[in-house]
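Student: Kindly produce the complete structure, drawing on both the sequences and the hints.
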Amino acid sequence: MTMVQTTPSAQAAPSEGVLTRISDTLWRRPTLLLLILLTPPALWLGIIYLGSLFALLLQSFFSIDHFTGLINHEFTLATYAELFTPANFDIIRRTVGMAALVTVASAVIAFPIAYYAARYAKGAWRALFYLGIMMPLWSSYLVKVYAWKLILAKEGILTWIFEGLHLTWLLDAYLALPVIGGNSLSVSPTGTFLVFVYVWLPYMVLPIQAALERVPTSMLEASGDLGAKPAQTFRHVLLPLALPGVIAGSIFTFSLTLGDYIIPQIIGTSRLFIGQAVYQHQGIAGNIPLAAAFAVVPIVIMGVYLWTAKRMGAFDAL
Amino acid sequence: MTNRFITAAVSAITAASLATSAVAQMTEIGEGEGALSIVAWAGYIERGETDAAFDWVTKFEEATSCKVSVKTANTSDEMVALMNEGGFDLVTASGDASLRMIAGKRVQPINVGLIPSWSTVDDRLKEAPWHYVNGEHYGTPYMWGPNVLMYNTEAFPEAPTSWNVVFEETTLADGSSNKGRVQAYDGPIHIADAANYLMAHQPELGITDPYELTAEQYAAALDLLRGQRELVSRYWHDAFIQIDDFKNEGMVASGSWPFQVNLLQADGVPVASVIPEEGATGWADTTMLHAEAEHPNCAYMWMEHTLSSNLQSDLSVWFGAVPSVPAACSDGSGMQTQEGCDANGLAQFDKIKFWKTPVANCESQDECVPYYRWVSDYIGVIGGR
Amino acid sequence: MPAVSFDHVSRHFGAVKAVDDVILDIAEGEFFAMLGPSGSGKTTCLRLIAGFERPTGGDIRIFGEPVADLPPYKRQVNTVFQDYALFPHLNVRDNVAYGLMIAGRGKRERHAEAEAALEMVRLGGYGSRKPSELSGGQRQRVALARALVNKPRVLLLDEPLGALDLKLREQMQEELKTLQRQLGITFVFVTHDQGEALSMADRVAVFNEGKIIQVGSPEDIYFRPEVPFVADFVGSSNVLPEALVARLTGETCPAAIRPERLRLASEGPLKARVTGLSFLGLSTRVSFEAEGTRLTALLPQDVARPREGDEVALSWAAEDLHLMRAGQRAGA
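Residue numbers (full-length UniProt numbering), protein chains in the order written: chain W, 1 to 318; chain V, 1 to 385; chain C, 1 to 332.
Hint data in this document are derived by calculation from the structure and do not stem from the laboratory. Model, not experiment: these values are computed from the prediction. Hints are not guaranteed to be accurate.
Stated by the list, open to error - Covered stretches of chain W, as calculated for chain V (at least 3 residues, CB under 8 angstroms):
#1 88 to 100
#2 152 to 163
#3 245 to 255
As the list claims (entries may be wrong) - Facing chain V, a subset of chain W residues (Cβ under 7 angstroms, in silico):
#4 Gly181
#5 Asn183
#6 Val187
Unchecked claim - Distance condition first, Cα-Cα at most 35 angstroms in a straight line; then the derived DSBU-like pairs of lysine-lysine:
#7 C/Lys151 x W/Lys122
#8 C/Lys271 x W/Lys229
#9 C/Lys107 x W/Lys229
#10 C/Lys151 x C/Lys17
#11 C/Lys211 x C/Lys17
#12 V/Lys247 x W/Lys144
#13 C/Lys107 x W/Lys310
#14 C/Lys107 x W/Lys122
#15 C/Lys74 x W/Lys229
#16 W/Lys122 x C/Lys74
#17 V/Lys71 x W/Lys144
#18 C/Lys74 x C/Lys177
#19 C/Lys107 x C/Lys177
#20 W/Lys229 x C/Lys151
#21 V/Lys353 x V/Lys179
#22 W/Lys144 x W/Lys122
#23 W/Lys229 x C/Lys211
#24 V/Lys59 x V/Lys247
#25 W/Lys144 x V/Lys353
#26 V/Lys351 x V/Lys126
#27 C/Lys130 x W/Lys310
#28 W/Lys122 x C/Lys177
#29 C/Lys167 x W/Lys229
Idealized CB from N, CA, C, for every residue including glycine.
Tutor: Below, the structure is given as structure tokens:
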């Protein structure tokens, strides 16, 4: 474009304009065109994306002087070894466990919703459904989390509802449980779990719905026609065909939970999650090597997860 | 390839640190450079935007033409990280950050002779160990305050006299246990609060300074904190989340800052604060000059301004803290009064152990547990280890 | 006992009467075709037999057993779907063995039976492929094998050849017919292609607007349409309106005459103008307009062709003019 603007005389040439000649050349050499089209995004991907990932990886092989907080730029595996100290390994285990639970719960809740949306919702209902699913994504994430803090608080809405139903004993009995309980829902692992599921659910519903919409009705009819009860049809046909969607959704919910540092800071027991550890070590303590090593953990876990999913045939229906 | 990069990076860093150590302190203040960038706690540098009554920047900018820009930090560790990154002139560092920056050569010694109001600083702060190292001053005292025990006056009809209400399970005056109703600070420096408590209750440990702990003393402090973990549902990290927890989570006692106490009282929540008999830890902040400050003249002018203007008086009201210039309590330079200063902790100066960074080669013992262990162990304690 | 019987069966979707008061018996071992334009109710009838739809009125029986309350998985019928509906995540063998797996048969046994079924449709050795690796005709045969391996008493085929090209379609027509003779089970076949219905079926039901217009052998349907709709849809016969027939024969009813039976003559009962010609190879199709009625004739190549715009006369043998009843529906 700029070329044309800066060389008006060439453009004005009577028979063969510059633009025409460029077009002709590109038509004769399609690889040249491809090169021109692909170079900018390839550079973007290579430098900005992979480059920063590589820089992160590099950082994780450095270490920090614990008193001055300055980074010692010599290759060492000590930072990775630090990940396996009991306190840090707890963080990894806690985060992965939570991410797995959140993913399973999201999938279980999202599947029927997505199924309904894909198969039965029509017209205005469909629009309403999309609105309902998408609306939580539009409002501020922080507002939602603080709202949940008020819902789950000891003197919050949920306690009030349980009181109204004369079920306080039930809530108390639940909160008295070890590991998942706590002084109130807002300071219990259950609270963290609930908010995670709420916040990430749309990311599970939408891909599952997209996958289910691609399953022709005839496929389900064929299964029933061949003698399968609905539960068998679900197990042998619907689930395998929706699995790429479930996996796509689980990539979202799993990795988002692995990386989140806001929710566990506001709701929960103050025990750290990987995202918080990264945030604290990088943003607060300036321990970039350890932060980088922590940041590599979700990458490795997601890699292993995807590889396992592929091995188990989760993408066969694609 | 990678190796060569690392070598290059290493030599660059080495060169940089050599260069900084070569910087000598200034001998005279020249013309202002027109700009000044400060890393500060939230609410520390006010220009009347939050509340028109609280402004200690505008007049400085008018008088010196140094345009002030502020980067707020939320924790000491974050301040250290920002100063390590560079690009700032000044930082309002607490004692648990200042020594680290001095050791890391991120800040430079200052010439107090260039600051006319230096003489007005509280004598007890002039050579405080968190900014006075090897006979050099590394900044001007800014503001200080105690970490008070905040309590709910309905649960405690009478003010608690000991920190035991947040460290040990007890039955409170309202007949219920304190379990799940108390909070603690979500930072490794809280280990010093535990050590301070043990200093009074387990004298046989021989703790003389809560920031200088032998392995045995340190282990005892961690044990106390593990017991506290059973009582604490959520540690506080953000002042506003603590305020919300006192409103909605039924919290009745916690170490806190006057800031939260004032805001909760303003909201009509029945809370009050006290410094119990064991004394308390406290924070004392110092305005420190970056080793590679781009605007040193403006920085010196600002340090003088912090001591001589309405800043000390008004900031102490705004933040619920105590001025480093005692005269600011009563000289009418701002809104502060002597009663206000006393309420914010001035009268209890001697009972306060100020934050400083724990180091391995400490003064009172042969060898102390250094800060990096505090960081990782406190994460472990909160994690249930 | 009929294999399938419809007794006043209706299926209404709101105001739309997809199937309206259908009465029908399909005999055991019969190759039965349901023929009609799209939206005529033939596919809905098939789905009613399979159990994918439930009737809003009437009674359906399969081998005498009322099936209105039986879900598809409890019916002894299997379906070959229009889009084949092969499971993309399973290979061909597992697709064919699906029904056997559901029935709880052992792996070895069901794989052996699946292979045998694949042999039957001449796809032996294709078991390990994915459906996506097969051609349209091969998928069609896998779908057939998958249905037949369950040994249904009635096989339902929903436009099974619709997606195939002409040559393959003709070949498959032959194969299906041979297979049905071999197996001796009842085939119910839905199609909108009259040629396909006539060439394959023992009997044909012509559907229109949710109703059966005429049921009969292909010859009946082709040569003896009872109403103008059948004549027009099935054989592209020329339909002569009542008024014209009355003038020509004195009968007050519509009549049909097949294009190949119309002849050009210098003198004839009907004057017509040539409006178009098209060359078809063995014959030439000529379009006419005569007294406001559009007619077509197929002329052998050895007859002199008229030119467009020529005024000609048309004649026919008296027995070729087939008199029909007025109205839409055939009386049984």
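Student: With reference to the structure, classify each hint as holding or not holding.
Tutor: Verification of the supplied hints:
1. 88 to 100: holds (count 4)
2. 152 to 163: With 4 residues close enough to chain V, the hint holds.
3. 245 to 255: violated (count 0)
4. Gly181: Nearest chain V Cβ about 10 angstroms off; hint violated.
5. Asn183: 3 angstroms, holds
6. Val187: Holds - the Cβ of W/Val187 comes within 7 angstroms of chain V, reaching about 4 angstroms at its closest.
7. C/Lys151 x W/Lys122: Not OK: C/Lys151 and W/Lys122 at ~38 angstroms, beyond 35 angstroms, violated.
8. C/Lys271 x W/Lys229: 66 angstroms, violated
9. C/Lys107 x W/Lys229: 20 angstroms, holds
10. C/Lys151 x C/Lys17: The hint holds at about 33 angstroms.
11. C/Lys211 x C/Lys17: 9 angstroms, holds
12. V/Lys247 x W/Lys144: 19 angstroms, holds
13. C/Lys107 x W/Lys310: 25 angstroms, holds
14. C/Lys107 x W/Lys122: Answer violated: C/Lys107 to W/Lys122 is near 41 angstroms, above 35 angstroms.
15. C/Lys74 x W/Lys229: 9 angstroms, holds
16. W/Lys122 x C/Lys74: 30 angstroms, holds
17. V/Lys71 x W/Lys144: This hinted pair holds, its Cα atoms lying about 27 angstroms apart.
18. C/Lys74 x C/Lys177: Cα-Cα ~27 angstroms, so holds.
19. C/Lys107 x C/Lys177: Cα-Cα ~31 angstroms, so holds.
20. W/Lys229 x C/Lys151: Holds. W/Lys229 to C/Lys151 sits at ~19 angstroms (cutoff 35 angstroms).
21. V/Lys353 x V/Lys179: 27 angstroms, holds
22. W/Lys144 x W/Lys122: Between W/Lys144 and W/Lys122 the Cα gap is close to 29 angstroms, so the pair holds against 35 angstroms.
23. W/Lys229 x C/Lys211: Holds, at roughly 32 angstroms.
24. V/Lys59 x V/Lys247: 38 angstroms, violated
25. W/Lys144 x V/Lys353: 40 angstroms, violated
26. V/Lys351 x V/Lys126: 18 angstroms, holds
27. C/Lys130 x W/Lys310: 17 angstroms, holds
28. W/Lys122 x C/Lys177: 42 angstroms, violated
29. C/Lys167 x W/Lys229: 38 angstroms, violated
Comparing the model with each numbered hint stated earlier shows that hints 3, 4, 7, 8, 14, 24, 25, 28 and 29 do not hold.
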